[in-house]
Structure formats: C-alpha cells, structure tokens
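Chemist: Sequence:
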Amino acid sequence: SSSGRVVPRSSSIVRRSVVRWSSISRPSVDRPSSSVVVVVEEVVVVVVVVIVKVVVVVAVVVVEVVVVVVVEVVVVVVVVVVVVVTAATTTTAAVVAISTQSECNVTVVQEIAVVVVVIVVLIVVCIGYIRAMPALTSYIYMRTEYLHMLRKI
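Residues 10 to 162 in this note's numbering are what the sequence shown lists, from first letter to last.
Be careful, since some hints might not be right.
Label-pair distances were calculated between CB atoms; the ranges are [as the list claims (entries may be wrong)]: (1) Val133 with Glu73: 22 to 30 Å; (2) Val49 with Glu73: 33 to 41 Å; (3) Glu50 with Tyr150: 36 to 44 Å.
Hints listed in this document are in silico derivations from the structure and should not be mistaken for laboratory results.
On a predicted model such as this, the values are computed, not experimentally measured, just so you know.
We treat Cβ as the ideally placed atom computed from N, Cα and C, and that holds for glycine.
Given these sequences and hints, build the entire structure.
Modeler: Below, the structure written as structure tokens:
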C-alpha cells in the first residue's frame with residue numbers, strides 16, 4: 010500500500026513543476042512590447058500588400074498601353090509599305106506592258122488586276138482598323154478605370 014502513496018506524491022510534484030514552468034514561459038501582461046511588435050508586423054504586411062497591388066496595376070496598364078501603341082505603329086507601317094510597294098510594282102508593270110505591247114499583255118493585265126484587288130483589300134482593312142480604334146481606346150480606358158477602382162479597394 011506504500012507504493013500507492015508514492016505515485017500521487019510524484020505526480021503532484023510533476024504537476025507543480027509543469028505549472029511553474031508554464032507560468033514562467035508565458036509572456037507577462039506587463040510587457041506591451043510584444044503587442045506593439047505584432048501591430049507593427051501587421052502594418053508592414055498591409056503596406057507590402059498595397060505596394061504589390063499598386064505595382065501590379067501600374068504594370069498591367071503600362072503593358073496594355075505599350076502593346077496598343079506598338080500594334081498601331083506596326084499596322085500603319087506595314088500597310089503603308091505594302092501599298093507603296095504594290096503601287097510601284099503596278100505602275101512599273103503597266104508602263105512595261107504599254108511600252109512593249111507584247112503578246113503577254115493579258116498576263117500583265119491580270120497581274121495588275123490582282124495587285125489592285127490587294128490594294129483595295131488593304132485599304133478596307135485600314136478603314137476597319139481606324140474605325141475600330143475608338144472602341145479599342147475606350148476599352149483600354151474602361152480597363153484602366155476598373156484597375157484604378159481595384160487599387161482604391
């Protein structure tokens with residue numbers, strides 16, 4: 010029966026030591042520095058998140074504007090080059106056909122007709138592109154405003 014008494018005594022000693030160690034390891038309420046550190050960490054996280062959001066929004070807007078400007082310039086340059094080269098080729102072919110008056114005039118006329126059709130198609134594409142520009146510009150403007158609204162939230 011003496012062995013039964015030893016077990017409770019040792020368990021009470023263990024309990025007391027656990028209570029003492031746990032009370033020592035807990036941060037005391039008197040030290041406000043730990044709560045200040047937590048608040049500062051939260052503020053830093055919020056600031057970093059806001060900065061990342063702003064950088065992403067600005068990057069998206071800049072990329073969209075640059076892409077639209079580059080596409081406009083490339084389309085205009087390509088169309089101008091193709092029209093000029095085609096017009097020069099057509100004029101040269103017509104002058105050669107008229108001056109030589111050879112038997113292959115039919116072939117030259119067919120080539121000229123194909124070139125004229127290509128020029129007309131390019132002009133129609135340019136007109137369609139120019140007419141579509143306001144819609145594209147307004148889309149970019151609305152997208153930019155939407156991203157600004159997201160940034161404010």
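Chemist: Using the beta carbons of Val49 and Glu73, state whether their distance is inside 33 to 41 Å or not.
Modeler: Roughly 37 Å apart at Cβ, these two residues keep to the hinted range, so it holds.
Chemist: A range of 36 to 44 Å was offered for this pair. Does it hold for the Cβ distance of Glu50 and Tyr150?
Modeler: Cβ of Glu50 to Cβ of Tyr150: about 39 Å, so the range 36 to 44 Å holds.
Chemist: Verify the CB-CB distance for Val133 and Glu73 against the hinted window 22 to 30 Å.
Modeler: With Cβ atoms ~27 Å apart, the hint holds.
The earlier numbered hints are all upheld by this structure, with none contradicted.
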